[in-house]
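Single-letter residue listing:
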Amino acid sequence: MLLSNEQKNADMRGAYGDTLVELGASNQNIVCVGADTTDSLKIKKFGDYYPDRFFNVGIAEANLVSVAAGLAIAGKIAFASTYAAFLPGRCLDQIRNSICYPDLNVKLVVSHAGLTVGPDGASHQQLEDFSTMRAIPNIRVIVPADAVAAKYLIRSIAMIPGPFYVRLARPSSEVLYEDNAIFTIGKGNILRDGSDATIMACGLMVTRALDAAKVLKSNNGIACRVVDMFSIKPIDTQLVAKCARDTGAIVTAEEHNMIGGLGSAVAESSSETYPVPIRRLGVRDTFGESARDEEIDALLEKYGLGTNEIARGVIECRGKSRR
Amino acid sequence: MGFRMRYLDLKRKICSVRMLAIQGIAEAGSGHPGASFSAAELMGVLYFRKMNHSPTKPDWSERDYFINSKGHSAPGFFATLAIAGYFPPTEMKTLRKLGSRLQGHPVRYTQKESRQSVPGTEFSGGSEGIGLSVSIGIALANRLDGKKNRVYTLIGDGESNEGQIWEAAMAAAKFKLHNLVAILDRNRIQQDGFTEDIMPLDPTRDKWSAFNWNVIEIGGHNVEQIIDALNKASEAKDSPTIIIANTVKGNGIKHMTNNPQWHGKAPPREHTPLLLEELRSECLIAPSIIAGQQENYEEKIRSAERGGADIIHLDIMDGRFVPNTTFYSDTIKQLRHITTLPFDAHLMIENPLAHIQDYIDARCDIVSVHAETCSESEFAQITHRLLSNGISPGIALNPSTDVPNWLFPHLQDVDVVLIMSVNPGFAGQKFIPEVLSKIRLINQKLREHGFLGYIEADGGIDATMLQAVYEAGARIFVAGNAVYGSGDIHGAIIQLRYKVNVALERKLLEQANTIGIRRDWLKTRKHILIPLANELGIEEELHALK
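Read top to bottom, the protein sequences are chains A and B.
For the first sequence, numbering that gives the first Met the number 0 gives the first residue as 0, with consecutive numbering after it.
For the second sequence, numbering that gives the first Met the number 0 gives the first residue as 0, with consecutive numbering after it.
Keep in mind that the hints are not guaranteed to be accurate.
[Said to hold, decoys possible] Simulated crosslink set (EDC-like; lysine to aspartate or glutamate; CA at most 20 Å straight-line): (1) B/K146 <-> A/E271; (2) A/K319 <-> A/E288; (3) B/K175 <-> A/D51; (4) B/K147 <-> A/D51.
Worth flagging that the hints you see were computed from the coordinates, not collected in a lab.
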């Protein structure tokens, strides 16, 4: 499933835009709504191909998601996109009442989430979306780890009726997956096996989790299992239980407040199936700050999400294991 | 699927909606009567007259959409759906109760939900300011699919505080959504008080014009104005339309009107019979334009409209059935364009069947023919022609004519029974007192046979006997000299209404007595009763309440 040695980078947003164009060719019901960030979200291309199915509502996020709701009521598969800071940040009520409550076929695909937004700073670094989206009935929360995952997951959610929230990252990032990888909503993908601990990560933290696993193996002889938990809701409860049973300790890593995100979902699941020590790595209930693109690694480290912090988290968590 | 409902039937259906809504609210012990009532005509005209929709097939793909953005008007909305045939009216008893489909605010579930939505609900309301945006999405999708249907969206003036309304206002104009019609229920009251105190909306019209909308302003309780505005909206090209409907919050129940306290409060359950009585007692004042000195019919109609007349009574006399002649359908055709007020044509002519098409073509809203001028089969043909053209059929009886026996099988098709209280042929005659007991008897007899329409009293009616005519059962009052005989047409109409109000309050007090809630009713109704106290003889009683 994993790409072997060659290293290349790709852009999740570009993958989203291209996939949407591809889907739009075969399905006339796919429409797309943007909010003055359509170039940035790479959905402008969809508008170039299908101008009559593309609607730019300007800087008006409440209107953005509600217009998408209306399109879905009238039978369309509506993709609505802008920056995560504003969607869901600015229109939680509209998502809850006009999309999730009636369970409409709206796909909210956002980018620029997490600390890796970089220079724009904390106002734009959405760190609470997993928590808020996860708590609303009917909507599912998906976080691709690379451009390949983004492509397949966008294809999947277009096929499945009902609301989805998909969070993409801003920076171009390392391609992890081979192009024949498989993604199932509600399942996690084991990217590296091990029996001493499990690291469950999502988004750009998956690469760092894999790096941490390599460091732990070579420096400490700890064999880590690494899971890409791209489906935060529904969470893969079977896999969480299996990893708890197999490895006895779980560390989670996410570009999100440690309250309410992937770590919480895994902990909730494990506590009801197979309780083991869990170390949740996320932003520690604080706001981020600006950093230039070349300082992103340092930014993540400062907020406890670098490769070293993950490795340390695994060691500490294993220390609490009763095995 | 599209059907045209006749004027009086439309009025009656909207009355049923109010009655059903208030029963639901009283039973639930909570809900929003104010907003349900201010929008009753708006929703009624859409569902009973204007929209293409199918109660038996709510998801019909060519349907017009109604988006109730001000979701707190749910009781009125549900009652409208029930009367339109989407679900049994008896289900209103479950409003706001555990396990009911009739949630506090309407919800549209998808099929996978085990709980069912109320059929016909397109949108989950409750959070203000969202529905117009959702309507844009629907209108865009429909246009994309090449559909000819329309989206009608009810928004509130309090709701217009929400910034999202103006986001949507910009977007709908940008997308040139001529298939979108917003209707603003401008009742000027929101939860905390009066809109212009809480957050001023005026100049409302200018705001929407500035946002590049096609703006039409109307009286929101006049069904004929609503119909006219909706027809105009259908002709819009390249821009969305907003109908600013000036309404009265709580309209229909006098003590609830224009009172912020009744925004979201239920009436006590024991008041229900009185509230229903008030709702079903709606009266129409119909000035007859042949009265008075001057011949200028146009000016008479215009002044009656300005003065607050409900409908215009047109006396057609042929010089054969009655000794006098007045005017015919060609005159009505010329008058039709000057007003939206319904035309109530009273054909005092021989052989009405031969001429009925002329009055259909002249776009009369109510047409009454004399029982003395037709056989049963002719009358049946006349009513059939009228009904199939969306016109209210009526039958008129001279003072000495009783209800013909052949009428009873046709009562379902009759909207008006017009009882002459003078011998027809001339304006300015005196009311024949014996007719009062005739009205009472006929009303009683017709109701026993299931008659749901109006009794119209015509001839010599003025303020002095209005109360007696009301008590006898008439609800449409033709007023000739009483309106046009004085110089002050507006004042004359106000005086007639005042008399109707006194008659209504007297009746309600009697009923309150009967069911043992007189004191409570006096307290609830005090601010309505004080100006009428002298006439009703309850001054001391009201004073003692303090």
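Against the structure, the hints:
Between the alpha carbons of B/K146 and A/E271 the distance comes to roughly 51 Å, so the proposed pair goes past 20 Å and is violated. With a C-alpha separation of about 32 Å, the suggested pairing of A/K319 with A/E288 is violated against the 20 Å cut-off. For the hint pairing B/K175 with A/D51, the CA-to-CA distance comes to about 13 Å; that is within 20 Å, so the pair holds. Taking the CA atoms of B/K147 and A/D51, the gap is about 17 Å. The hint holds against a cut of 20 Å.
Taken one by one, the earlier hints fail for this structure at numbers 1 and 2, listed in ascending order.
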